[in-house]
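Participant: Here are the chains, one letter per residue:
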Amino acid sequence: MLDGLNTYNVKEIISEKIKGFFESFNLFLFQPKSIFPLITFRILFGILMCYGTARFIYNGWVDKLFIEPKHFFKFYGFEWVEVLSPSGMYYLQYLIALVSFFIAIGFLYRISIITFFLAFTYVELIDATNYLNHYYLVILLSIILIFVPANANFSIDSKLFPRIKKYKIPAWCINIIIFQLCITYFFAGFAKLNYDWMFRAMPLSIWLPEHLNIPLFGFLFKYQWTAYLFSWTGAFYDLTIWAFLLHYRTRDFAYIFVVLFHLMTWYLFNIGLFPLIMITSTLIFFSDKWHERIYNYFMNVPVDDLKSFKINKPIKIIVAIYMIFQILFPLRSFLYKGNVLWHEQGYRFSWRVMVVEKSGTAIFRIKDLETGKESEIQNNKYLTKFQEKQMTIQPDFILQYAKIIQADYEKRFNIKHAEIKADVFVALNKRVSSRFIDNNINLLEIKNSFKEKEWILEPIK
Amino acid sequence: MSKNIAYIILVSILIFASCKNDSNSCGNNDFDQEALFANLADNLIIPSFQTAKNTASQLDNDIINFINNPSQANLENARQSFGTAYLQWQRIEPFSFGPSETVQLNNKLNNFPVAEVLLEANISAGTYNLESFDNYYSGFPALDYLLYGVGETDADIISKYTMDTNTEGYKTYLSDVSTLILNQLTLVSDDWRDNYRAGFVSNTGTAAGTSLSQIINSINENFEKTRRARLGIPSGFQDIELDALPEEVEAFYSGLSLQLLKANINASKEYFTGGNGVGLDDLLNENEARKENELLSTIIKNQYDSILSELNNIPEPLSMSIINSSSTVQNAYVPLANQLIYLKTDMPSVLCVSITYVDNASDSD
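If you're matching them up, the sequences are chains A and B in order. According to the numbering used here, the first sequence is numbered sequentially starting from 714. According to the numbering used here, the second sequence is numbered sequentially starting from 346.
Check each hint, because a few of them may be wrong.
[As the list claims (entries may be wrong)] If you want a taste of the chain B side facing chain A, the calculated C-beta under 8 Å gives, among others:
1) Gly577
2) Lys636
3) Asn638
4) Asp710
No lab work stands behind these hints: they were computed from the structure. Where a beta carbon is used, it is the ideal one built from N, C-alpha and C, also for glycine.
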């Protein structure tokens, strides 16, 4: 009897809690919120992508990354993606720059953001060698931007079609972006909680002393404690900054840190757009009032336009699935034994930013099983130097490379039954190298999958 | 509050405890980089370029003598000094940065195998640019052909310079190539001594473009070229359908290939050890670089020695042994692969230097 009562109470408490949770989730999604944080986000996103694309073209990376290579590495499931002709690749970049500009000014917004998403994602899928976490972030943000009415104010579209004009939108349109930025920060910090980062100050110990010559502060980088200070501060920053940005009392102060921190990383490291993306995106954490104050210079933002939004079940489910996926997916590396920084299974799409300095040497050999003839592969005949460098340290590329070699030998010399083995040595974070994969295994016999890659060897201690 | 202070103290202790492990540090060790650079510049690089310039000057004299009087004796003299100059070349080819890079010395003077057809076409045409980028009809390989390969016998070769329909063409080409070698070596040698040395010695640190980075990158670039072009490709180890390509060895016509190869490996070793002075080996030791408990510097030095002893087992000339004694060639090729890993992956990792000749900067994250 007593037991029964207790159970009943516990059940009730739990169901109350769950109900409370769902209620706040409803608020999180459908509470009315000013559109202006989203407007700011849209404009800066468009400008930044336009700049990033121009920079990409200007630096000659279209040639280097898409025209020079003869072969490309693919993401699992996207092996079918083919590169365009050289002029096609350039036109595509021009198109991305153009639609980015359209996004910024809010012109033909829906078409522009969909085009941006498709074109940008396509470019990233051509060669997995070029994978960067901030490209992945851009793809995620562009997906979100497709579904939110970011052109519903302060845009050409809303001038042309006044009926689309809005001042309030359901909160999920903004909160989902905030959530994504929190995830990015948190997991970037989480990835730093590894032995090398915390207790060897790696790889910052390698990278910081490269800047001994910068004025005023340069000399600090010669000391090992500077690397420790940077490592621990960096980990703490990434793990917590999102929380300080969320909380209204600490937000202003936190944002100053955001700007300083990312400007510093921009100056010290070769990380492209990432700092700028974070500096501009995090403005979305600021309050409705904060944003509206800016737009009041240009228009009369109505003071109160309270309108509650209907609870929309499909949106609720989709947003929930997206959030759960973003929380769980970066954790998948725990399904594999060993150090993810070494074996790189579950490494990508998990916000592992700046946590390794790795290099290696790979010598591949092919054997014609019918004639017994054997030879070494000249990697530079197939891969650019950048691709070779990346292939050496990423096991799925090693498999794909073996297939590329095989296809070439079959085509050129009609070799049907080949065996490809490789001596691959990799050095991680200032260590001496260790043999990376089993050199007795025929790489052609292995099918790439998400299963544990047993042929990756443990590094020697 | 006191809890916070306790926490800060704890963290500081942790940090300082970790800091004691000095082998993790890339910037703050007591190793005097300038001493290393000065030793390399003053006792290895500058004297080697100086000698190379002198041997090229001797070679140029002997070639002029041969052109003026194409006798057997003068041909022998020219060949003699060609051998000396080419062997000395191996001692400077590894120093491919700085003044060398500015004039593209290695591409101008030692692209092999020589493109016979193009070279002959140049002579017939009488117009050519010996300094054009990445050509294969100039430098030492061209001399190798002109002094040893332009005819079957010595008499045939001499006749090219005495009674061929285009005798003047051959003479001019021979003299032009020799002049180019002398001029370029003079340029680089003087530049090192007069201008480059000071900046080289003081350019400390580990970033791309520092002297340490230049040294490590250039020693690797040379080693990879040696492994690939001086042995791998001609032996057919790098192409399954082609058995062996003896005519692709360095110095095919004179048959100096194996001597040159050994000289190159010796030069690489000396570059690594810094001769009798401070070298990369000492820098590795300073970083306590070990592989399975053995000092990495010792491993690398021993590996150079096993490469050299395997090379000594290959019968002369290399172009014949590639076919007739391929197991001895294979035996020498194996330690070259191991050494590549030590030099290109282990050493740069421990010394915090990136191999930059394989990758121009793009974004990372």
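Participant: State for each hint whether it applies.
Facilitator: Going through the hints against the structure:
1. Against a cut-off of 8 Å between C-beta atoms, the interface hint on B/Gly577 holds, since the closest Cβ of chain A lies about 7 Å away.
2. Contact between B/Lys636 and chain A, as hinted, is supported at the beta carbon level, the nearest pair being about 5 Å apart and thus within 8 Å.
3. Interface hint status for B/Asn638: violated, as the beta-carbon distance to the closest one in chain A is roughly 11 Å, over 8 Å.
4. Taking 8 Å as the C-beta contact cut-off toward chain A, the hint placing B/Asp710 at the interface holds, the least distance being around 5 Å.
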